[in-house]
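Student: So the chains spell out like this:
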Amino acid sequence: MLVYTIRRLLFAVPLLLAASFLVFAIVTSFPGDPCREKLGQATTPEALAKCRKDLNLDGPFLERFGTFLGGAVKLDFGHDLRTDEDVGDVVLRRLPPTIELAVVALGIAFLLGSWLGTRSALRPGTWLDMVGQIVSSLGVSIPVFWLGMMLIAVFGVWLDWLPFGGWSSVDVAPGTTFHTDFLLFESLVRLKGAAFLGALKHIALPALALSTIPLATITRMTRSAVLEELGRDYVTTARAKGLPERRVIGRHVRRNALIPVVTITGLQLGTLLSGAVLTETVFSWPGMGTYMVNAADQRNYPVLMACMLLFVVIFVVVNLVVDLLYHWIDPRLRTGLSS
Amino acid sequence: MTGRRAGPLRRLLRDKGALVGLVLVGLVVLMAAGANLAPWGPKEIDRSVYEPVPPGGNHPLGTDGTGYDVFSRLLYGARISLMTGLASVVLALLVGVPLGAISGYAGGKVDTVLMRIVDVMLAFPSVVLAIAIAALLDARTVGTVIVAVAVVAVPTVARQVRASVLQVRGLEYVTAARAMGFSPQRILVRQVLPNCLAPILVLATLGVGHAILAAAGLSFLGLGPEARVAEWGVMLKDGYRYATGREQWVIVPPGVAIAITVLGFNLLGDGLRRALDPRAK
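In the order they appear, the protein sequences are chains A and B.
Mapping of the first sequence onto the numbering used here: position 138 corresponds to residue 1536, and the numbering continues sequentially without gaps.
Mapping of the second sequence onto the numbering used here: position 254 corresponds to residue 259, and the numbering continues sequentially without gaps.
Do not rely on the hints blindly, as some may be mistaken.
[To be verified] Far from chain B, some chain A residues (derived; all Cβ distances over 10 Å): (1) 1430; (2) 1431; (3) 1453; (4) 1464; (5) 1478; (6) 1541; (7) 1550; (8) 1551; (9) 1554; (10) 1564; (11) 1579; (12) 1606; (13) 1667; (14) 1690; (15) 1697.
[Said to hold, decoys possible] EDC-like, lysine to aspartate or glutamate: derived pairs with alpha carbons at most 20 Å apart: (16) A/1436 / B/116; (17) B/21 / A/1461; (18) A/1599 / A/1569; (19) A/1448 / A/1461; (20) B/242 / A/1695; (21) A/1451 / A/1461; (22) A/1436 / A/1452; (23) A/1448 / A/1474; (24) A/1451 / A/1478.
Since the hints were made in silico from the structure, they are not lab data.
Even glycine gets a Cβ: it sits at the ideal position worked out from N, Cα and C.
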């Protein structure tokens, strides 16, 4: 296990290096000169030169990449071209809302999907199975941004049940001071009931919209995994021993079936982050997604680099953790170290 | 009794999911083909309109605030969406298939290098990479969206084709072809690739759905064509402001159209997979 862990870690380092190289290469090839755009036409050569130096635009490509990488490790991405804020600071402020949104969405999808998938597999052909199949087909076909708009229209405006948009401490829980930007997690940990409820209400619609993407895959995977496990010998043994069906399913089948499902859930992160970018835009969520989209629109390239790099790091690190967890949960895989 | 001998096409037509998929895709193709019969042009503005008009009269699905006819733009949008989906898949195949085939057949260092590049591209959440490429191309057109979506799809195609080639490469008839002294190129193109067509076809069909969804997403984010173009994602981006109002007729049709199209291609792709590989469940 240790050898495997180290090998995977060693593999992740060049991957991240190559990915950051790609980020740098793409963003620095953007057309136009950010300094001319920033300073306008009426500027002095000195000011232009200083700006170019500040933005790391001078020198050979590899040297500039080195500077970028050196800064990135310290979360120093330079300053926002428009607002002049420190991009590293903004990113740290915008990461928590995205993480909370993704975690809640994934939680909904996992709970609902594994339940629906198990039920479908136990009673194939029933209406619940139909619902499961429809969910798993529609989940990957409905545009998440449109679903978000419809949720706003129905639950936010028409029924007026839930707020849509607004994720600051003032929106969520007026009067409460937060020490972090994890509004939901912090209010939960500090047992602030009203604030937690407020946060839950505000995150409900975007998380629900986002959850449909992983929900589809999780439902589908759980169904086929449970079906497969049901045909195994240990199920017959358990039943022959006279175990109640509830225990056979709950203790034996589900536990085994959920191993691949947990992995799939983890690996859904890429599509989840993609969906988060779109969902955040619909709900004006103050996360990484909206930050990145605005930056792309304005060619605000220190911001774009920081966001892209961070998305890649999250993606690679979570995949790594899931992979290691999978190997830790399922000892059968550990024997195949050489592969 | 004929069940066992039924060819892929027969199996496809007996598959309920595939049939539904075919009907949905057919519907969208009909919409695209019939766009010329639409009551209004794709960029035609009804000058008598100052706010969204509800469905009825000479606007079957109403208009948006600009005076665009929702129904007509929906039909023309089918054209753009189908074209975007097909074009980006063709583009992704043109690059991805040779990459994957060479990687799988050559093996060794070539394979390692190519697959590492694929790994790097797959380390990006797809929308993130697509946004960056769209921003790099710096042109608000359908073409930009096509290229961005295609680039993002290339690593997936390459990996899938490589896996299929690896499977076929070890088969006896390939060994026989090698023993007969055929050149690697000839074996790859004439012997190996034809046997990988089935998974590529499935991948391409599912890919059209993914591409249409991704393209609509990019347009919605404002990285696609400008607001006048009758594209479903653009219509939704423009209609976004009506989500909080009463003018739901502006945003419901484009979303339903995207969902139907993507669902159609997904069902058709899954059905094709079952029909072409009866062993797979």
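Student: Find the hints from earlier in the document that the structure breaks and name them by number, from lowest to highest.
Tutor: 1, 6, 7, 8, 9, 13, 14, 15, 16 and 17
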